[in-house]
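Colleague: These are the residues of each chain, in order.
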Amino acid sequence: MLEGIKKHFHHYFSLIAIMGVGVTGFYLYRYDQFFQIGVITSLALSYISWGIIHHTIHKDISLSVILEYVAVSILGSIMIYILLFNSHL
Amino acid sequence: MRFIDHVIHLLIPRQSNNHRAKIIQADSLLIIASLLIAFNFVLNYIPKVRPGVLGYAASISKDEIVNLTNAKRVETGLSPLIFNETLSSAAFSKARDMIDRDYWAHTGPDGTTPWSFFSRFGYKYRYAGENLARDFSSAGAVVDAWMNSPTHRDNILNPKYKEIGVGITEGDLAGVDSTIVVQFFGTTYADKVTESVAQVPGTQVTAKINPRPSLKPSPSPSFSPVPVEVGIAPEVQAVVSSPVSGNQKVLISPFTTTRTVSITVLAMLILVYMLDAYLVSKRKITRIAGRTFAHVTFLLMILMIVLIIKSGSIL
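Residue numbers (this note's numbering), protein chains in the order written: chain A, 1 to 89; chain B, 1 to 315.
Bound-form chain A, shown alone (with noise of 0.2 Å):
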């Protein structure tokens, strides 16, 4: 994995590089559901074309593989979405 890694650090780079302003932003508007609820919808959706990009480019895509990008997706949304929900902010 982590000879992976390395050999396509700028592909990895940029994930990390999206998830951290992600992050950033919905630390600096913590105080803004609505903004929230647009960046976790937005860093959900990168994250689903990054893995489709990242796989195409290795010619290893498949449905399966896509399925489990739209799943760890979907999952990490509605964990948000539900906190938010209970956060009355």
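What you were told as hints is all true, and nothing was included just to trick you.
Okay, the calculated beta carbon distance ranges per label pair:
(1) B:PHE3 x A:ILE57: 41 to 47 Å
(2) B:ALA267 x A:ILE57: 28 to 34 Å
(3) A:ILE53 x B:SER116: 58 to 64 Å
FYI, nobody ran anything at the bench for these hints, they're computed from the structure.
Don't be surprised by glycine CBs; every beta carbon is placed ideally from N, CA and C.
Assemble the complex: chain A is given as a structure, and chain B must be docked to it using the hints.
Modeller: Okay, now just chain B, sitting in the frame of chain A:
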């Protein structure tokens, strides 16, 4: 034995799960997401069948709110506000009014303005303002939230205010036991406004108050001069005390419960992903699947966001 085998099937990559721990496969992740939604529905259905079971634990005192508010003012070079018992009684009356009539807004369902509470308690104000908060876990979190909202911050840092009153109460709002904090600011005609400090921008207009509950903080500062004679000192009314303790604990907090569940699920998934990657790498198994590093990065980001989110609402 069968149970252990099932747990291994869920957590360890092997032939029975196509060399991918079952719990991190797409269908399992969607089932976990569905269970979280179902759990949230149950949690929010509880107030309908068992009112008073859900709520937000709070340990907030009037003194803490006043001290923290004054600390923020002193930091910016303003003079601290003087605690006024009449204003506190009016603030408490407003808080109880929201609980009793089940609304969460600056203006009541029948159009009752915050200023009517000032007048009802005989506080002859020249300048007046109101900040509201609910469901925060501590006084520090309440004041931080207000300070992060420009309009509420303007109220706290307004050099024209001389006095402060805070009312805190607990009660049932839409089926959930809530802690409500009402902060009233005021200056009477008897008070001299001689602050030499620069005024906070944008606070010189009479702001409109949003009469309906909103998730987004709405403008709350207001200066509503009323036609009363200059020089009349406010009459101090009978003190109204809170019937409940500010440190009262409740059974289940929807926010804390869902956050704990989320953190547990995320930690478990991250561990399983790492274990899965290690075992597959060690056994030199080739498989077509999503990138473990990417999934772990995404889930760590979600974990960080879960830790950032705080409960509470301001108005």
